[in-house]
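Chemist: Sequence:
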Amino acid sequence: MSTSEAENTSAAHGWREEIGPRLLAPPSASHGRRALWTSVGLTLLFSALMLPYGINALDGLEPPRRQWAIGVGTAYIGSYLVFVALGESKAWGVRLFMCALLLILGGALVFLMGVKNAWVLVFALCVISAFARTALAVGAVVLSVGAVGGTALLSGTLGAVMPELVLLASVGTAMILFIRLVEANEQLRRARDRIAAFAVVEERERVARDLHDILGHSLTTITVKAGLVRRLLESTGQPAVAEEAGEVERYARQALADVRATVSGYRSVTLAGALAEAGSALRAAGITARLPQAVDEVDPRVQQVFGYVVREAVTNAVRHSGASAVEVHFGRDWLVVEDDGPGTGPVETGNGLRGLRERVTARGGDLQAHRSAGGGFVVRAEVPVEGGRNGAGAGAHEGGTD
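Residues in the sequence shown are numbered from 1 upward in steps of one, following our numbering.
Honestly, the hints are just simulated from the structure, not real lab data.
Accuracy of the hints is not assured; some may be wrong.
Label pairs and their calculated CB-CB ranges [said to hold, decoys possible]:
| id | residue 1 | residue 2 | range |
| --- | --- | --- | --- |
| 1 | T220 | S280 | 32 to 42 Å |
| 2 | A199 | P300 | 31 to 41 Å |
| 3 | S324 | P163 | 46 to 56 Å |
| 4 | R319 | R189 | 43 to 53 Å |
| 5 | L44 | A100 | 22 to 32 Å |
| 6 | S155 | A276 | 30 to 40 Å |
Cβ atoms here follow ideal geometry from the backbone N, Cα and C, with glycine treated the same way.
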């Protein structure tokens, strides 16, 4: 790859990672679906109320202008439906393009039908409010109201279109506030789930400590004492009693092994717990953590092994990468951990990554660790689950595949 191509790739990567996330809300599955269908439902309700006004406005247009309005209106509705289908796309560029296209087509439709029909912009404002950050959504409302108001002012019809301006401003603002309320409720639900998961992990850790410190100590003492009694009895020529003492020792050893196995089970790694630990470790190291808020997307059968992947990859990023940010994202059967460290020198597979690859391979999966095209380090794990692969893992980082 030439220097100019590398610079272009780096610039494109930077745009996606910096500009897109600042303008659009994160495309998480739960937030996207809730916000999307809330927006669609309110828009359909508004459409049912305003349909007679739209038909009446089209009937009042001259034939050439009417045909143009119908064509633009069809494209406007089609774009809206496409946005509904692609709104949860992880491609920032696609979503930004759809936002701009809806505003442009809506503005063209208002131009053809007249500023008295500026209410058609509500469709664009509703769907933009569902996926844009607050700043961009407010900007879309201000732009729409300003454009319609300015046009009306220049044509001397500002007083006549004042109700439409109030409608645009009020509906746009209400949609922004309502969608943010939906988002806040979703964040509260996720926080409640995380708190519950952390409480379970802490309780399991407490029980494991108690088992190890109290019962484990007692069983160890019993085992040692039983062994001593057996040896003393053997030395005094009482084989039958020594045999019974040996049975006591064997049972004590088995009980001790069971306690240790139980403690190990209680201290098993979970994906939610690993993400929580990763967030704490990254913040302590001064590294920006871009972590998912929930693990609902991941199949429960692979969450434990993905927890090990997150733990090892984040530990390596903190210790060796010199990164300023670490991002984790996943799907049903795949997980990617990526940092933006300088990535100097060849990729080396240490004992941690080697053991991690063995753990993933044992589940029938695949683990890749390599430099990314824009710099930094990528660890990607895929573990097939019954019912088919999600396939998103392959497309999430095409540019980083060796």
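Chemist: Take a look at whether the Cβ-Cβ distance between L44 and A100 falls inside 22 to 32 Å.
Modeler: At 23 Å between Cβs, range holds.
Chemist: Is 30 to 40 Å right for how far apart the beta carbons of S155 and A276 are?
Modeler: 59 Å, violated
Chemist: Within 32 to 42 Å: is that where the Cβ-Cβ distance between T220 and S280 falls?
Modeler: At 33 Å between Cβs, range holds.
Chemist: If you check the beta carbons of A199 and P300, does the distance land in 31 to 41 Å?
Modeler: 19 Å, violated
Chemist: In this structure, is the beta-carbon distance linking S324 and P163 contained in 46 to 56 Å?
Modeler: About 51 Å separates the Cβ atoms of S324 and P163, which means 46 to 56 Å holds.
Chemist: Honestly, do R319 and R189 meet the 43 to 53 Å range at C-beta?
Modeler: 34 Å, violated
Hint violations for this structure: numbers 2, 4, 6, all remaining hints satisfied.
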